[in-house]
Amino acid sequence: MEKVMVKGTEAIGEAAIRAGCRHFFGYPITPQSELPEYMSKRLPEVDGVFLQTESEVATVNMLYGAACTGTRVMTSTSSPGFSLMMEGVSYIACAQLPAVFVNVVRGGPGLGDIQPAQGDYWQATKGGGHGDYKLITLAPSTVQEAVDLTVLAFDLADKYRNPALILADGLLGQMMEPVVFPDFRDLSTLPDHSSWAMTGAKGRKPHLITSFDIDPYVLEKMNLVLVEKYKEIEKKEIRWEEYKTEDANIVITAFGTIGRIAKSVVDMARKDGIKVGLFRPITVWPFPYEPLEKLADKVDMFFDVEMNMGQMLEDVLISIKGRKPVKFYSRMGGVVPTPNEIYEALKKEIGR
Amino acid sequence: MQVIYKKPEALGEKEFTYCPGCHHGIIHRLVAEVVDELGIREKTLVVAPIGCSVFAYQFFNMDGTVAPHGRAPAVATGIKRSRPDLMVFTYQGDGDLAAIGTAEIIHAANRGEKITTIFVNNAIYGMTGGQMAPTTLLGMKTTTTPYGRKAENDGYPMHMCEFLKEAKGVAYLARTKVTTPQDVEKTKKAIKKAFLAQINELGFGMVEILSTCPTNWGIDPITSMKWLEENMIPEYPLGVFVDKVGDEK
Ligand SMILES: Cc1ncc(C[n+]2csc(CCOP(=O)(O)OP(=O)(O)O)c2C)c(N)n1
Ligand code: SF4
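Residue numbers (our numbering), protein chains in the order written: chain D, 843 to 1194; chain S, 268 to 516.
In short, the hints are calculated from the structure, not lab data.
Hints may be right or wrong, so weigh each one.
[To be verified] The calculated DSS-like cross-link candidates involving lysine-lysine, where the alpha carbons are at most 25 Å apart (straight line), are:
hint: 1; chain 1: D; residue 1: K1047; chain 2: S; residue 2: K273
hint: 2; chain 1: S; residue 1: K493; chain 2: S; residue 2: K274
hint: 3; chain 1: D; residue 1: K1001; chain 2: D; residue 2: K1086
hint: 4; chain 1: S; residue 1: K435; chain 2: D; residue 2: K1044
hint: 5; chain 1: S; residue 1: K417; chain 2: S; residue 2: K310
hint: 6; chain 1: D; residue 1: K1063; chain 2: D; residue 2: K968
hint: 7; chain 1: D; residue 1: K1047; chain 2: S; residue 2: K274
hint: 8; chain 1: D; residue 1: K1047; chain 2: D; residue 2: K1086
hint: 9; chain 1: D; residue 1: K1047; chain 2: S; residue 2: K417
hint: 10; chain 1: S; residue 1: K493; chain 2: D; residue 2: K1044
hint: 11; chain 1: D; residue 1: K1078; chain 2: D; residue 2: K1117
hint: 12; chain 1: D; residue 1: K1044; chain 2: S; residue 2: K417
hint: 13; chain 1: D; residue 1: K1044; chain 2: S; residue 2: K281
hint: 14; chain 1: D; residue 1: K1078; chain 2: D; residue 2: K1063
hint: 15; chain 1: D; residue 1: K1063; chain 2: S; residue 2: K281
hint: 16; chain 1: S; residue 1: K281; chain 2: D; residue 2: K1047
hint: 17; chain 1: D; residue 1: K1113; chain 2: D; residue 2: K1001
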């Protein structure tokens, strides 16, 4: 397998194309503009379609339209852009359409800055748009993982007819790392959506795709179908990484970019004889509640590290159920903490 | 027995939910007749809007969906770009197309998106109970302009055809009405041309159809037609604004 050095944003773009995505709609915003740029160059080479839209509002609705025809489709944006897409994300989720989103999160709230941050965790995992819905949300911590999760995002979106989101950040988007790309997916092997997709009502009853019903009893049934689907995803699709947790007394919880920084902290602490491990959720929805809860029996303390005011912290607390102390350390506004900084904060907590 | 008039195949079985005297029903039928005559029912998709015609996707015998308020041109763009072999039309009211969806319609038109738009202008928000639309006439009373629309507070009536005719991507653009049998014929021709603009891959096609809303105008259907003639026509002159389709052979 050949390893190539690629930038995160471009790696995600190439992975999408290899996963069979031939349609990309997007609007520029830092720090992810290299992704639409890459797609604008690359998609015509594979007979695909790239369109720079007039806004994120239009973007998400173009995704809606393309997904209605059963097409593998993707967009990428950064925080303020993803906020603008929320209306459409809610519609796509309710209409049960597959579409892949990439949010390269930057410092916020508001216009914020263009540095890496994790302030969109709640928006990604708890809603953001209106109504009861869930996004399958994958949080890579290396460029290789971003590649693998992009392919997975398309497959999960197709399998569950649900929007999937790659929750990255500016650091991952901008960094270069060696990766191995998967082979090109044979387009004829992509899932068959002919049972529901809008392809012209030839010789069959019309396929109608909507996100509404005026009768509350019917709408409730639609909601319950979603609830069942989400339960199934929660059962089958949780993914996480554990690092040196077997004998750990302290477990750091962290996702995405800060998850890889936390890995260095584990190694630093181990050198000093402090038994620290790492629990890194890869799917942040569905959140790996049970695997994390299992650790509560074995360790003395959890240390949650994030680049926000403590958003995943709530899910960590739900997992631990008050059985062990959970301490928290964070930087915000686009500040990325160094391993040293985190280690010092951890040592302070344990009086060393 | 000779059948001289029947339901177009492109219309479904479901009964219209429109109020008596509302022109949405006539316009649906005309679209369906055109789709039948062009023989494209089996590859035509409808994108319904938000507004009284939110159910339009249920009335046509074709695949269909409902876009978020105003976003139908973007949804249609996504459909068309992913399946250029299919025909797609949006069906939109004035609140949908000229207020919340102004950006989407202008950009789809300007890109020359190969889609067809049926724009029903009844100068009011029907579904939400008669509030002011961008197309509401000056002096016209609505539930949010109880003293009549005033330019200094509410701005002027929006002329979408006049705005859009400047866009290079537009291949067909016309404003019509359906108050007389002759107008109905003219509207049907215009709708056909707007579809031909798509079929012949010439660009964006739109027909704006002036329409009544007896319920929210608060006048009976017959008087509504008269009101449309006397008040809307001076503000919204009928005509063909762009025609790159040419005459049918
Ligand atoms: C985002 C959003 N804002 C507001 C509404 C409420 N709404 C429903 S229909 C409508 C007006 C539609 O008016 P028009 O397009 O003129 O269609 P008509 O009902 O007159 O046929 C509005 C404002 C909505 N559904 N979504
Ligand atoms: S409220 Fe107006 S636009 Fe809506 S169906 Fe009734 S008459 Fe037609």
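Hints, verified against the model:
The straight-line distance between the Cα atoms of D:K1047 and S:K273 is roughly 20 Å, inside the 25 Å bound, and the hint therefore holds. A C-alpha spacing of about 28 Å is found between S:K493 and S:K274, which places the hinted pair above 25 Å, so the restraint is violated. Restraint check for D:K1001 and D:K1086: the C-alpha separation of about 33 Å exceeds 25 Å, so the hint is violated. Only pairs whose Cα atoms come within 25 Å are accepted, and S:K435 paired with D:K1044 is rejected, the gap being roughly 34 Å.
At roughly 45 Å between alpha-carbon atoms, S:K417 and S:K310 are farther apart than 25 Å, so this suggested pair is violated. Between D:K1063 and D:K968 the alpha-carbon distance is near 21 Å, which keeps this suggested pair within the 25 Å criterion. For a cut-off of 25 Å, the pair hint linking D:K1047 to S:K274 stands: about 17 Å separates their Cα positions. Simply put, D:K1047 and D:K1086 have alpha-carbon atoms about 56 Å apart, too far for the 25 Å limit, and the pair is violated.
Distance check on the hinted pair: D:K1047 and S:K417 sit about 48 Å apart at the alpha-carbon level, beyond 25 Å; violated. Proposed proximity of S:K493 and D:K1044 is contradicted: the alpha carbons are some 42 Å apart, above 25 Å. For the hint pairing D:K1078 with D:K1117, the CA-to-CA distance comes to about 31 Å; that exceeds 25 Å, so the pair is violated. Proposed proximity of D:K1044 and S:K417 is contradicted: the alpha carbons are some 50 Å apart, above 25 Å.
Between D:K1044 and S:K281, the direct Cα distance comes to roughly 19 Å. Compliance with the 25 Å bound is thereby established for this hinted pair. Restraint check for D:K1078 and D:K1063: satisfied, since their Cα atoms lie roughly 23 Å apart, inside the 25 Å limit. Taken as a hint, the D:K1063 and S:K281 pair is honoured in the structure, with Cα atoms around 22 Å apart against an allowance of 25 Å. The hinted pair formed by S:K281 and D:K1047 meets the criterion: a straight-line CA distance of about 13 Å does not exceed 25 Å.
Restraint check for D:K1113 and D:K1001: not satisfied, since their Cα atoms lie roughly 44 Å apart, outside the 25 Å limit.
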